[in-house]
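S.K.: Each chain, letter by letter, is given below.
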Amino acid sequence: NAGVTQTPKFRILKIGQSMTLQCTQDMNHNYMYWYRQDPGMGLKLIYYSVGAGITDKGEVPNGYNVSRSTTEDFPLRLELAAPSQTSVYFCASSFNLDQPQHFGDGTRLSIL
Amino acid sequence: GESVGLHLPTLSVQEGDNSIINCAYSNSASDYFIWYKQESGKGPQFIIDIRSNMDKRQGQRVTVLLNKTVKHLSLQIAATQPGDSAVYFCAENGPPSDDMRFGAGTRLTVKP
Numbered sequence: 163n164a165g166v167t168q169t170p171k172f173r174i175l176k177i178g179q180s181m182t183l184q185c186t187q188d189m190n191h192n193y194m195y196w197y198r199q200d201p202g203m204g205l206k207l208i209y210y211s212v213g214a215g216i217t218d219k220g221e222v223p224n225g226y227n228v229s230r231s232t233t234e235d236f237p238l239r240l241e242l243a244a245p246s247q248t249s250v251y252f253c254a255s256s257f258n259l260d261q262p263q264h265f266g267d268g269t270r271l272s273i274l
Numbered sequence: 002g003e004s005v006g007l008h009l010p011t012l013s014v015q016e017g018d019n020s021i022i023n024c025a026y027s028n029s030a031s032d033y034f035i036w037y038k039q040e041s042g043k044g045p046q047f048i049i050d051i052r053s054n055m056d057k058r059q060g061q062r063v064t065v066l067l068n069k070t071v072k073h074l075s076l077q078i079a080a081t082q083p084g085d086s087a088v089y090f091c092a093e094n095g096p097p098s099d100d101m102r103f104g105a106g107t108r109l110t111v112k113p
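So the sequences go chain by chain: H and L.
Per the numbering used here, the first sequence starts with residue 163, numbered consecutively.
Per the numbering used here, the second sequence starts with residue 2, numbered consecutively.
There's no promise every hint is true.
What the hints assert, rightly or not - Below, computed lysine to any residue pairings styled on SDA-like, alpha-carbon distance capped at 20 Å: (1) H:K206 <-> L:A25; (2) L:K43 <-> H:I177; (3) H:K171 <-> H:A244.
It should be emphasised that the hints constitute simulated quantities derived from the structure, not laboratory data.
All values reported here derive from a predicted model rather than from experimental measurement.
Please construct the entire structure, taking both the sequences and the accompanying hints into account.
M.R.: Shown next, in the form of structure tokens:
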């Protein structure tokens, strides 16, 4: 099992550009999450999904969008990149809300 | 302990010693707790979890203690090894939102 796979691992964007961070999991988990991690801070929830076709906002959703067309994939879209979105982004999945979340290795994104 | 800000709390131990990492949580309704380990450049990795109906749970070389009275969680690592060097953070889950809430973490350094 590959677990949770995120691509790309690194990316540099210019202000105003857009991009999609990819996330796929092969554990047949219904729940998937996107977090951002800033230096010295805890993970902040951006969006989550409880199953294909269902998404909901987390704590810091502004500037991001998600979709969940399949159980396996949960891409995160940045439409107009801003310097404040410079961060490390982690995708995770879990069997249920009160079960351990399995994380990918992150996408390190810099907006210049 | 937990900290919000640029500088994580640090713990430095000698190889072979036992390590204790602490976490305070604020939501008395939280009923599920997890410890994660995060190595540099990697995603968080599940270590051990505990539910609120338990005070203690043991894994391989790790023990989690939960004190609901003072809302305190600790992770004990026995015979700490250089490979244990990482950032450790706790997460809690429970009403009202059922979102997993993450602490900022403690950086553990193991000296050979």
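S.K.: Any hints from earlier that this structure breaks? Give me their numbers in increasing order, please.
M.R.: Per hint list: single violation, 2.
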